[in-house]
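> Heads up: the protein sequence lines correspond to chains A and B, in order.
Numbering follows the working numbering, in which position 152 of the first sequence is assigned residue number 178; successive positions increment by one, without gaps.
Numbering follows the working numbering, in which position 118 of the second sequence is assigned residue number 124; successive positions increment by one, without gaps.
Hints in this document: simulated from the structure, not taken from any laboratory.
Some hints could be false.
[Unchecked claim] The list that follows gives simulated cross-link-like pairs (lysine-lysine, DSS-like), each with its CA atoms no further than 25 Å apart: (1) B:300 x A:109; (2) B:206 x B:64; (3) B:300 x A:142; (4) B:219 x B:93; (5) B:53 x B:64; (6) A:109 x A:57; (7) B:206 x B:93; (8) A:88 x A:109; (9) A:157 x A:144; (10) B:53 x B:89; (11) B:300 x A:144; (12) B:300 x A:137.
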Amino acid sequence: MNRLIVSAEGITRAYHNGVVALDNINLQIEKGEFLVILGPTGSGKTTLLNIIGGMDRPTTGKVFVDGTELSRVRNLSQFRAEKVGFVFQLHNLIPTLNAAENIQLPMCALKMASRKRKRRALELLEMVGLKNRVSHTPPMLSGGERQRVAIARALANNPCLVIGDEPTGTLDPETGREIIALMQDLNRTVGTTLVVTTHDPGVASKADRIVRLERGSISNYN
Amino acid sequence: MWREELLFTLIWRNIRARRTRSLFTIIGIGVSIAIIVAVMTLASDFKKEWCGSIIQTKADLIAVQRGLTGISGSSIDESLIGKIESKYDDVEHATGFLLASLSLSDIQALNIVGVRPEDSDLYIDENQIIEGRFIQREGEIVLGKAAYNISGVEVGEDVRFQMDRKLKLVGIYETGNTYIDNYAIAPLVDVQEMTNRQGKVTMIALYLKPGTKAKGVIYAIEDYRPDLKVMPTPEVMEEAIPLGMEQVDAFTWGLSVIAIAMGVIGTANTMSLSVSERTREIGILMAIGWSRLKILSLILGESLLLSVAGFGIGSLLGIGAVYGITSHPIVSGYIGPSLDTGVFLIALAIALLLGLLGGAYPAYRATRFSPVEALRYE
Ligand SMILES: Nc1ncnc2c1ncn2[C@@H]1O[C@H](COP(=O)(O)OP(=O)(O)OP(=O)(O)O)[C@@H](O)[C@H]1O
Ligand SMILES: [Mg+2]
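For reference, chain B alone in the conformation it holds in the complex (with noise of 0.2 Å):
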């Protein structure tokens, strides 16, 4: 059965036998896949936290400005909340949120949801607020804990803004969504006057009444309202994706891209040197009657179980930079570390095509050779 046993064996001495050289090609190889499990993973969480942001609104469906591309941009009248909840019987609740972002200080800046204050449990649970209490009335703010962690506020005292404006500081909550953590809550009216979007909001949330068809609804709304998009909250996730994430991906693959070829190069520079060094072996072997096969596959064998042992250190290297990187305080607010094991088999993918891609031009030249010229050489 275990036939192969002596072209693995010959795989594995040669690769200690060149221990130092491996050691570096492995590593080479573990910095191209840690580059890539970090920069996925903590691509991935960014995406995650993020859509689950929305989710937290408990919504049914979302409306926003048809035509945009994301949602930070999208601006409704509010007077249309009130209009579409008397309008259609299906929908028992609606309310409004304006999404904004603004600077505290030269250097920080604070995301902002506006709420009306007797909807905010739509979005933060009475057990979520960890100090203090809800926002109640106008000038008031609840802080997330990330975001309360950074500002140097307690409970009590004012959170200043730009120009002179302040908001009183009320209570702190956790929800275990990094994103949402890192946002404070206030007053709709409040956010939309220091925005300068009086009378406006960002979205609907609507909810409605058990047993109803979403479908009916947002035919309903989009008929009445065609500069409206209306979509189940899941969908929100995937259609309002801001510019960012775009850019998130592209830079994702794009650092991806570079760690591969770095990978490639590294491997390849190894197997060369590797098959030049052993061009009498190789002769040797031909003239014994290995056939271009296994000699094909002695080489690659060599390349994959580099490429393979790379990606093992790669992951831990990898897992290494991701808790690393979640746990300074600047982007512990966005991204918690999560692992994710398709991730790791993407790696694993890749760490094989690495090690093919990078094996395959030295062993091809391997196969060529001649016995006689391969004997020769000294």
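Just chain A, same shape as in the assembly (with noise of 0.2 Å):
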């Protein structure tokens, strides 16, 4: 049947001050993909992963996400709980949550039951290796923990598509590149679809294909 998980024909977006950040984007992201959108700062970079993940709708062009094409989507909100998990550079989490509360967010949003929500959260915890901060606060965890941490409460609800928008942007080399085998390793152990953003060459390196952006156009398919 259909192997794509996200399809984007004709992405255009203008903000009301004129910038185009997106200029006729066409794309097409296969199931199990990792793939890597490589792009300078303004490029458009996190236009793009927003529209792909349902929180902003493109001034023209239509976006199909797991066969769905979300203009036609009455409640994003529902649409993103379920179907995608997202990961950000800074300040993922609620700091007033500890690690596995953070982790149960999304699977509050979809009305799971507590007992089942803990569970969850402590599987998932373990899968990224941090079995033994359940009850850490983000201030008690590294940057890397933390990123961890996102990565787990993204996965939350299983997603068709997770989306990671520069997630180890603000760590040290060493730790990033962690982070990447970690995300790599569930892209293939899970299946999860991945797009991740980045400035860096290292983590590019690690992606199945590489999609350059430069002024909001892709300059070229790796």
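Once you've looked at the hints, go ahead and assemble the two chains, each given alone in its own frame, into the complex.
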């Protein structure tokens, strides 16, 4: 059947101040793929991820995620909770909640029962190697550990797509590599489709495929 | 079942994480609630005590002058008492009371009820006399316990009024009704003389024969004397509430509205700060799929929790204030600290309203965030 998880057709995103952040983007992402979007700052990487992830709507063009055209989706927050996991660059976690509680937040959006949520959170923490950090709050965790928790949270509802906007951006190179290795590992074992933006060629080298973005356009496929 | 537990956890942690601000907000709401609890309790006590003072006459019906607000201005010919008593078979007994307020000195006033000495047992029971005896003839006076406490006069001495008038203190009574215990009782004739109202009474108290229907007597007397208004005693409480009572009500509500406004502004301020500080957090929650309804519940939940805590503190503060105020000698004669659950229910409702109103706009604003914008916010 359909092996495509994401299909973006002629995406343009213009802001009110006249900035065209994305200009006629066509992009297909296959199920299970680990795609890296590489590009200089201001090239439109975040804008593209936001549109693919159902957080922002394109000015023109269509986006299909897992067969659904996003402009037809009434309840985008429900859609995000079910289909997409997010890992951001910084301040991903709610500082007053501990690791396990942060991981439960997306499950909470799908009204999962408390006991089931807790069990799943522990499972995910074990998966990302933080079994012994269950009740640590973000201020007690290192930068790499926080990103691990964010990754676990992104996987909470078994999404078909995990999006990472410079997930290694603030980490030292060594930790950054570990995080990417973890994501790659999860991508292989769980089979989640992974789309990650980065400035870091080292990160990009791990990808199945690299897309280069420049001033809102895709400059080359790899 | 308990699916929203994480939402409550988040609300609670946020309150705890901003401990000082939360505490000040709770205290602010608490002060508002305390004002409301105290003022309402004092006002309702005042009313209750005042109404009780009329019930004390044990009369079945009370006649006052028609067309007046309150009863203090009422003036009826004393001669009517005898006429009514002899004219209506159903009336077993009738007597008159004259209410007056006299200056003892420049700063002290004394409320006096003038009664016929032979009818004194209709007002004060024998066993309510705690010292001395009741008035028996002209020139005597008895004081309520509270009035006695501030009078500085002992039994056997004279209570001196202005213009060289004096009455001999022969006894002290205590009824438990703080309003009456702040009164004095003196012979009708003396009170009439001191107030220049010879031959007049404020009200006529009617005692009916057992089994008599009050309605018939009311119609008959009001027909005979259209200038009189005759009411069953309990109704006098409502009808004859003096002008001051309405002002007490207006004052109560005025103060409550100010207190509510203060509380709403304080809560709205805290919640607005809380929302703008957590812009990114709210953006993350939205990104990972929390609905706008959930975000709304998060903010409103916090303001409601703060206001319920404020209600708790405010109730304690309010009770403290009521006890503090009523223990002061100047007011202790008029109001005793009696707490009414109704007041606390109203205060709880007001606290919840405060939380809702104060949280409404910040919560609404939070739901209008675009997750993209909120996540760009640093
Ligand atoms: N709300 C907005 N209004 C106007 N212009 C915007 C807005 N958001 C983004 N832009 C512009 O759109 C362009 C693309 O921004 P975007 O954040 O997608 O870039 P990026 O590739 O993610 O950059 P970086 O690597 O620095 O994160 C930039 O020129 C930016 O200034
Ligand atoms: Mg970016």
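> Could you tell me which of the numbered hints above are not met by this structure, giving the numbers in increasing order?
10
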